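Start from chain A and add chain B according to the hints.
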Amino acid sequence: MLEVQNLSMRFGGLLAVDQVSLDVQEHEIVAIIGPNGAGKTTVFNCMSGFYKPTGGKILFEGNEIQGKPDYKISRLGLVRTFQHVRLFNRMTVVENLLVAQHRHLNTNLISGILKTPNYREREQKSLDRAAYWLDRVGLTEMANRDAGNLAYGQQRRLEIARCMVTEPKLLMLDEPAAGLNPAETKDLNQLIISLKEDYNVSVVLIEHDMSLVMDISDRINVINQGRPLASGTPDEIRRNDDVIKAYLGEA
Amino acid sequence: MTANLKHALFCAFITLIISYPILGFDLKGRGTSVALEGVDISTSIGVLLAVVIVFVFQLYRDTIMGSVRQLPAINPLANREPMEQSKRLKLESILLTLMVIGAVIWPFIASRGAVDLATLVLIYIMLALGLNVVVGLAGLLDLGYVAFYAVGAYSFALLSQYFGISFWFALPIGAGLAALFGLVLGFPVLRLRGDYLAIVTLGFGEIIRILLNNMTSLTGGPNGIGGIPDPTLFGMEFSRLIKEEGNTSFHETFGIAYSGEHKVIFLYLIALVLAVITAVAIRRLMRMPVGRAWEALREDEIAAKSLGLSRTAVKLSAFTIGAFFAGFAGTVFASKQGFISPESFVFLESAIILAIVVLGGMGSQMGVILAAIAVTILPELAREFSEYRMLIFGAAMVLMMVWRPQGLMPMRRIHIELKRQE
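Chains A and B are the protein sequences, given in the same order.
The opening residue of the first sequence carries number 0 in numbering that gives the first Met the number 0; numbering runs sequentially from there.
The opening residue of the second sequence carries number 0 in numbering that gives the first Met the number 0; numbering runs sequentially from there.
By construction, these hints were calculated from the structure, which means they are not laboratory data.
Model, not experiment: these values are computed from the prediction.
Be careful, since some hints might not be right.
Stated by the list, open to error - BS3-like, lysine-lysine: derived pairs with alpha carbons at most 30 angstroms apart:
1) B:K89 to A:K114
2) A:K185 to A:K195
3) B:K89 to A:K124
4) A:K67 to A:K51
5) A:K114 to A:K124
6) A:K168 to A:K51
7) B:K86 to A:K124
8) A:K56 to A:K195
9) A:K71 to A:K124
10) A:K114 to B:K86
11) A:K168 to A:K56
12) A:K195 to A:K168
What the hints assert, rightly or not - Covered stretches of chain B (in silico footprint by chain A; criterion: 3 or more residues with CB under 8 angstroms from a CB of chain A, positions within the stretch not fixed):
13) 293-301
14) 304-310
Think of the CB as a built atom: it goes at the ideal place given N, C-alpha and C, for glycine as much as any other residue.
Looking at chain A on its own, in the form it has when it is part of the complex:
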C-alpha cells in the first residue's frame, strides 16, 4: 500500500537520505532501524509531508504523495507519532482525542452554533470513538485530566490512541518505546500487534529497542548513513554481516 522509491533528501551540502526504498504491504508491520543519525526520522518526515523530498517518489495506494502538504497526507490515512511526545498539553485527554477527529471544520460552523441534530449526532460519534480508544489504551480514568499531567507512558499511549481515532490505514510510529520501562514496552508490543490484527492497520515504526523490533516486525529495513543497508525478515537481518558491522563495528 505504501511504496517509497529512491527517496533522497538533501539539506544544503548534507545528503541526509540517499536513495532509500521501502514498501509496506497491507496487514504488515515494517520496522526501520539504524544507528543514531542514520536518517530514519528524515525518511518519516518526508513520508508524512513535513519535508518535501529532493528526489524519489512516495506512492500511497498508487498515488504520488511526495510534496503534498502534511495535513492532506494525514487525511489520506497516513498518520504519525513523534519521537518526542507531542500532545496538546493544556487540553484534557478527551479533548486531545476529539481534536483528532475534526478534520473538516468548515462544514459544521453554522450547524454547530445552532446545535442541529446532525451536528449532535456527529459529536456523539466522536465522543464514543474517543471513549472506546481510551478504554482500549487504559486511560478512561484520566479522561478529564490535562494531557500534560499524565505519566510519560500514558502520554505515549494517548498519542497512539489519538492517531487511531482518525481511523488511519497506515500508522507511522517514531520510537514508540523510547523512555518506557520493560513492562510498558511489553504492553506496547501487544498494542501494536493488536492494531494490526484487530484493526487492520499497517504499521511502520522506527525503534532502537531490538527486542521489540524483532518480536513484532514482519520485515525490517536497515538504514546507515542515509543509505539502505539491508532489508528482510527479522531472522535475515539478525544474521546479516553488514548489519552486525554497522551496529557493532568491525570485529
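For chain B alone, kept in the frame of chain A given last:
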C-alpha cells in the same frame, strides 16, 4: 547580602538621577530668556524619600516579595476543595443570570453618566471576548486588534455619511467588513508565530490608522467624521425633533415627556444584547470542533497538522471571527460617540484590550468579562487622583500579575462525561 546592598545602592542611584533632573528643576520664563531654577524644598525631600524607599525595598526585596507571595493564603477560598462539576455549573449559570438581570435593570436606577460608562464597558467586553479568541484560544499574539474595531466604526460612519445607511443595516456590514479585513490580514501572517506575528499585526494596526488619518477626502482625516446617527427602534427616533422623513419619535409614540436619557439607555441595551450575543456565540464556538482546533494549534502546531488540521483554515477562522466581533463593537462605539476620529484607534487601545485578556485569564470568558469591567471602571474611580490615576492603574496591573499570573479567573477545562464501554 552584599550583592543585595550593591543592587539596592544602584537602584537608589538610578532613581535619583532619573527623578531629580525631572522633578527638581523648573523652567521659568524671565522676559525673553528662560532660566533653570531649583524647586522648593518639599519636592527635594519627596525625591529623597523616594530614593530611600527604593533603597530599602531593594535591600529587603526577597523578604518583601516572599511575604507578598504568601498573600493568597489570606483568601479563604484558596485552599478549598474544587467544587463538583454539576454544582459549579449550576452556580455559574445562576451567577450569570443574576448578572444579566442586574445589567438590564442597571440603566433605570443609575445616573446618565454611569449608564454611559456601562455602555463603554460593554463595548470593551465585546472587544476583549473577540481578542480572546485570537490570543487566548488560538495563541496568536495580535497587537493590531484595534484596526478591526476602527474598520467597524468607520464603515458605519462612512456608510451613513455617504449613503444614509442606518445603524441596523450598518451593524452586519461593519462586522462583515471587519471580518474581511481579518481574513486579508490573516493570509500574509499565516507562517508567522509569536513575536514576528505580533510585529506584523502591530504594523497592520498602524497602517489602518494612518490611512484613516491621511485619506482626508474620504474620511475627513484627523478631523474625523461627525453626525453619526443614533440607532432607531422600529423607525422611532430618540431625538427631540425627527431628523429623517417617515420616522416617528420615541417619546411622542409612547406619550411621555422627552428625555435625553432614553437614547443613552437604549444604546446601553443594544450594547448589552450584542455583548450577550458575542459571549454566547463564542462560548459555543469554544466547545465546537473549530474551538478545539484553535487550542490545538496553540498547543502544538506540528501535532495539529499531523492529525489533518489545516493550519490555514484554523488560523484564518480565528482571525476572521475575532475581527468580526471587533467590527460589532466598532459600530456600537461609532453610534455611541456620534463622532469618530483616528485618535480613538491608537495602539494604546490594542494594548488595553490585550491587557484585559491577559488580566482576565487567557481563554477564560468569565475572567475576561470581569477584567473588562475592572479595567474600564478603575481609571474612572481613580479620577480624584487626577494625574496619578494611570500610575495607580499601572501599579494595580503589576500587582495583579505578581499575585495571579494566570489571570483573575483562569480558564477551566470543560468536563466531558463519557459513556462507559461495555
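Note to self: I'd like to know which numbered hints this structure contradicts. Please list them from smallest to largest.
What the structure shows: none
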